[in-house]
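K.L.:
Letter by letter, the chains look like this.
There are 2 protein chains.
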Amino acid sequence: MLNLGGPAELTDVGPFLEELFADREIIQLPMQKWLGPFIARRRTPAVQRNYADIGGGSPLLEWTSLQGREMCLRLDELSPATAPHKPYVAFRYSEPSSEAALRQMAADGVERAVAFTQYPQFSCATTGSSLNELWRAARRLGLQDAFEWSVIDRWPTHELFLEAMTATVRQGLEAFDPAERDNVVLLFSAHSLPMSIVNRGDAYPLEVGATVHEVLKRLGGRYEHLLSYQSEVGPVPWLGPPTESVIEELGAKKRRHVLVVPIAFTSDHIETLHELDIEYGELAHKVGISGYRRAPALNDMPLFLDALAEIVAEHLRSGEACTSQYGLRCPGCVNPQCRNILRPVAPYRRTAVSPHPQNSRFGKGY
Amino acid sequence: MLNLGGPAELTDVGPFLEELFADREIIQLPMQKWLGPFIARRRTPAVQRNYADIGGGSPLLEWTSLQGREMCLRLDELSPATAPHKPYVAFRYSEPSSEAALRQMAADGVERAVAFTQYPQFSCATTGSSLNELWRAARRLGLQDAFEWSVIDRWPTHELFLEAMTATVRQGLEAFDPAERDNVVLLFSAHSLPMSIVNRGDAYPLEVGATVHEVLKRLGGRYEHLLSYQSEVGPVPWLGPPTESVIEELGAKKRRHVLVVPIAFTSDHIETLHELDIEYGELAHKVGISGYRRAPALNDMPLFLDALAEIVAEHLRSGEACTSQYGLRCPGCVNPQCRNILRPVAPYRRTAVSPHPQNSRFGKGY
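Taken in sequence, the protein lines are chains A and B.
If you read the first sequence in the numbering used here, its first letter stands for residue 539, the second for the next number, and so on.
If you read the second sequence in the numbering used here, its first letter stands for residue 539, the second for the next number, and so on.
Because the hints were derived from the structure by calculation, they are not lab data.
Fair warning: there could be bad hints in the mix.
The list treats identical chains as one, so a pair stands whether inside a single copy or across any two.
Claimed, not checked - SDA-like, lysine to any residue: derived pairs with alpha carbons at most 20 angstroms apart:
no., residue 1, residue 2
1, 824, 546
2, 755, 697
3, 571, 715
4, 792, 677
5, 624, 549
6, 792, 889
7, 624, 577
Chain A on its own, in the form it takes in the complex (with noise of 0.2 angstroms):
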């Protein structure tokens, strides 16, 4: 199960921001090898301040956890043939590490493991990153023949999850006096992305609309909404609108009810319980948002929980390696890295690298 991760104490801040502005893959920093720390060390104690406001910590790992088990005890009923299932975490910035869930893959013997990424929209920002590190991770480690890998690389419309996600907006409406409901805009928020990523071709923003018109189709097609991206960060351009100004310019414009809807994160974290809760949920405050809500994340909502099952049973039986679209680099991708599988299951097909430097035109915007 691969996912970001997150700082399980406050101590383990510091580490985790290093990590994550150590990734290429994300973001491009001039000499990142210094740049990257320094950033880091100078983030920390706010976004140290940040997790001691939500308990001292993320709740990812635990969320993660759980939902691992669930899906697991659900999978060896639905799928008796391919049974005993095991859930293994692997977070990109934080333990446990690729390193350290493949270290007990192996001392656990087995042999067949499925890479299931936790976000549902595909980006190599985050899949794609976490994907790239398991592979570097099972060569750094000797493990490279040691399982037969296949991947679950994006859900953003399956079903069950649809319907799950459907749960929680209609949960967050109900808070809503039901005089009210209707007066609601329905604000979807999803972790932003630098522009040089939406432009060499990155499946995201595709996908995470892909999974707010479902879920506006399955509530009959009748709220207000708009689609914005929050937790840019860095001085580079970042894919809009910030989900920060138009909660901005919601309240300048009289809109007094808003629920915001977190699309592309499945578990709570920091982004939805600091970023969206506290301080957006102030700024709705100051800007005359009398009603601001957030639809729960999906965490342990047992729809959901049968959602994970259904997507690892579906693609085991379909015996494939991945989906049809993971094989397709970005056009504008020169990371020869990307879209690999270490002893795939079944054959897929993969888009051969440019054999020339990045065309000038992606990442300008233009």
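On the provided structure of chain A, position chain B as indicated by the hints.
P.N.:
Showing chain B alone in chain A's frame:
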């Protein structure tokens, strides 16, 4: 029937470009009154050559007129209670203009009018600009009280439109050798949008994504696909990836079969016949894409003509003035003209204008 328009003859190219570069709802230039005509004059000869290549003028008026006639024939049967129906064309940057359409409507004694955008996906730069100009034109002519209005402001996922669009993709695929069909990359291409408009919260990227997603679903979800944006002009950042660069890179990455699908246009015009077919066709050939094809435009496809009629019939049955989404101003909007309807047939909710100047975080790209 609102659309962009296009020069009917080569001598119309200059005035068409002048109108286009004068539209501050699409692009804001410093000293636009002087710089707009200057850019238009400088681009005129090249654009004239392009129109000469495709037969000396834009076919948009012919297609729109045919679509209007066929739509109304069907509508008279589908909705006899509101018959007779008569189509009028209002182009934004060429004749027949909004003024011409409104004058003819007044002469014909029309009482009830539907402003029907021919852009399936909503953007303030397209449908928004056309509607704002329509209301201004009515006021200029003293016809602000002449008609009762409703608005069909978007239809990105209308069932019949999706079926028609999917049929064009199937037709495009059938032109490939059956043995190669599974190797085809579907490249959905939409007109690009300045990032300043994306970042103020324009609905376009989400709605284009919804159309693409629904078409892919109807194709069984098995084709490798990309979404790219074409036709960016001028020195501001536009939403990418650019279609041209994507084609170049797909060639460099050894993909040999590409079907381009114009997903945000309903008729052939310069962007399909010249940009996609001629310019990018030559580029594709140069970079080794031996199987480069374009899905046909909807034009006079009977299923699409049915779709147009059905969209209007459903709208008339609803009794609504517009979709629930139309009144929701973009978060970054500062244009008080936006989201108007003259003498609406039914009340609709419109988000207030923000009292303070545009939030500085919008439009910067981050």
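K.L.:
Are the hints correct? Go through all of them and say.
P.N.:
Checked hints:
1. 824 x 546: neither (31 angstroms within a copy, 53 angstroms between copies)
2. 755 x 697: So residue 755 and residue 697 pass the 20 angstroms test inside a copy (12 angstroms) and across (12 angstroms) alike.
3. 571 x 715: Close neither inside one copy (52 angstroms) nor across copies (50 angstroms); limit 20 angstroms.
4. 792 x 677: neither (56 angstroms within a copy, 28 angstroms between copies)
5. 624 x 549: For residue 624 and residue 549, the Cα distance exceeds 20 angstroms both inside one copy (30 angstroms) and across copies (71 angstroms).
6. 792 x 889: between (49 angstroms within a copy, 7 angstroms between copies)
7. 624 x 577: Neither: 38 angstroms inside a copy, 64 angstroms across copies.
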